[in-house]
Amino acid sequence: MEQTVEAAKADSWPATPIPERMALQYEVEQFLYAEAALLDGRKFRDWYALLASDIHYWMPIRRTVTSDNLDMEFTQPGDMAYFDDDLTILDMRLKKQEAGSSWAEEPPSRSRHFVGNVRILKVAGDEVTVEVAFYIYRSRLNSDVDTWVGRREDVLRRHGDSFQIARRHIFLDQTVIQSANFSTFF
Amino acid sequence: MAGQAVGRGASPWVREDGAQHTFRVARDAFTQDSILSLERENIFDRCWIYVGHESEIPERNDYLTRQVAGRELIFNRDRGGAVHAFLNICPHRGAMVAREKKGNALGFQCFYHGWAFNNNGRFATQIAEGNYPPDFNAQGCANLTEVPRLESHRGFWFVNFDRNACGLIEYLADAAAIIDLVADQSEVGMEIVGGTQEYGVQANWKLLLENSFDGYHAITTHATYFDYLANTAGSMTQPLLLGDNNRSRGVDLGNGHGMVEYPAPWGRPVAQWIKAWGEDAKAEVEAKERRLVELFGPERGHRMARLNRNMVIFPNLVINDIMAITVRTFYPTTPGQLAVNAWTLAPKNEAAEMRRWRLYNFLEFLGPGGFATPDDVEALESCQRAYCNSREAGWNDISKGMMKSSPAADDEAQMRSFWREWDRRLGAGVAP
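Read top to bottom, the protein sequences are chains S and X.
So for the first sequence, this note's numbering puts the first residue at 1; every next one is plus one.
So for the second sequence, this note's numbering puts the first residue at 187; every next one is plus one.
Worth double-checking, as some hints may not be accurate.
[Claimed, not checked] Covered, in the sense of this in silico footprint (three residues per stretch, anywhere, with C-beta under 8 Å from a C-beta of chain X), are these stretches of chain S:
{"hint": "1", "segment": "27–38"}
{"hint": "2", "segment": "54–65"}
{"hint": "3", "segment": "154–168"}
[Unchecked claim] FRET-style restraints, in silico, Cβ to Cβ:
{"hint": "4", "chain 1": "S", "residue 1": "A23", "chain 2": "X", "residue 2": "H299", "range": "55 to 65 Å"}
{"hint": "5", "chain 1": "X", "residue 1": "N304", "chain 2": "S", "residue 2": "D126", "range": "51 to 61 Å"}
{"hint": "6", "chain 1": "S", "residue 1": "Q174", "chain 2": "X", "residue 2": "R486", "range": "22 to 32 Å"}
{"hint": "7", "chain 1": "S", "residue 1": "V145", "chain 2": "X", "residue 2": "A462", "range": "50 to 60 Å"}
Hints in this document: simulated from the structure, not taken from any laboratory.
Ideal placement from N, C-alpha and C gives every residue a C-beta, glycine not left out.
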């Protein structure tokens, strides 16, 4: 689940010449910034259009463990999670918001997605595995503020002259969820 | 808070008028520090409080740590496999002896001064001679402190901090048989599926309690969820029949426990098939129902397969046997804040495909990322926020269905049974 440094090294990507790496890095970053702008601009259907038909949108549960039990830190696929979505469920999430009676988002919240520490871990065929650190600020109603910080592992797949999101695995830096809900996309 | 008048009809917090068919609860009961103090003393320190399921510590030496009724506890199995619940505090100077969520270990060691304990709680440090008298631990003062009472029913373990409390089975009253309807869904036992959802809500704990078996709010609060089911081909078997007095009911289970029971409009892995699951699953789900009928007779078998039950065990355990089984407990941190632990329970031998649908059902509906829980939380926080108006608008209404001899699942009889017990226990604390 966690992309190891060893696995990244085994890949030929780090040996690729710098100009080529810079070009892809730029392309990936611009895509991620544009994606974040769609979410923060409430253009959810445009955001949805960026998702691949086989997307896995997953947020496992994290818990405090001792350093010799770090392999138990996150729940695994098939265990409990917060999100374990395919494209159909993501579509329904949007339909729920669009219905106007999704009370956790009606009135809608205000969000800002910060995406940083963008690292390309692997390039294989038409897929790029990208790790990012995220910081999401959300305010709701008059004064409710939530922030979520964590790591994301995305697989971006070439799609025309842009990308589609084929995988989004979200690893929060929180164990007990401090927010009232996750009605925002990560 | 005027506390001198105690007893039915004279409570400062619960006003029941049988002649007028009205039942009202003071909104101050959700906001006052003095009430929370009374609740801690008279409810959480005296009632049976859920600590965990046996499947969470399946092996010898397994342990987990958990906040239960305001305490930090260790829930574990010792080297012989016996189950314990210890207060997670070093007998020496009081540091927590386990600070991680779970693990497997022969014992615990406090990192502060190094005191060590066998996982049956016995002090296990060799003390250099001359520092303490030879019989220092004769009375057990250097052992971990066990909770005063620990008992289980069908794999559900409960603690009680009142040594003189009645036994668990007597306490559970009619709720024990409803737990059985869950426990009997597998012939090889039920298990908590790995992982605990933990989240906080800015609302009084009793708001979540009411919401957990409130049939009345389903259609309005969860409109989008039912739209979703209706618009997803093959997801619904029939309309939601919460208000049908012949087919749904709200039940007082004794000692403040209560439930609503109603025909499931959606698929149940045990055991109501829906088209969305495909033909392969059909044979399996139907076989499951036939087996239940074979084991328990047609009435109980079909009831287990096709009826939903949302149950609250007084004061803070929810077992909702719905599109998946959710086990949920919560505890107030302040009058306006609560901490939730939520799990899903499933048959141990469940086929991988059904397990996948079960988790799908759970995550779709429940938890901070579900289709329903965020809307519930929104409602609870909205109530809590507005209770600042309680001086001028001081009473919640819980009268629905009081005139009926057999209340339906969208009536409020089950909530009234909770409030009567709550009031009785708090009144007992105020009376001389």
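Which numbered hints are broken by the structure, listed smallest first? The structure conflicts with hints 1, 3, 6, 7, although it agrees with all the remaining ones.
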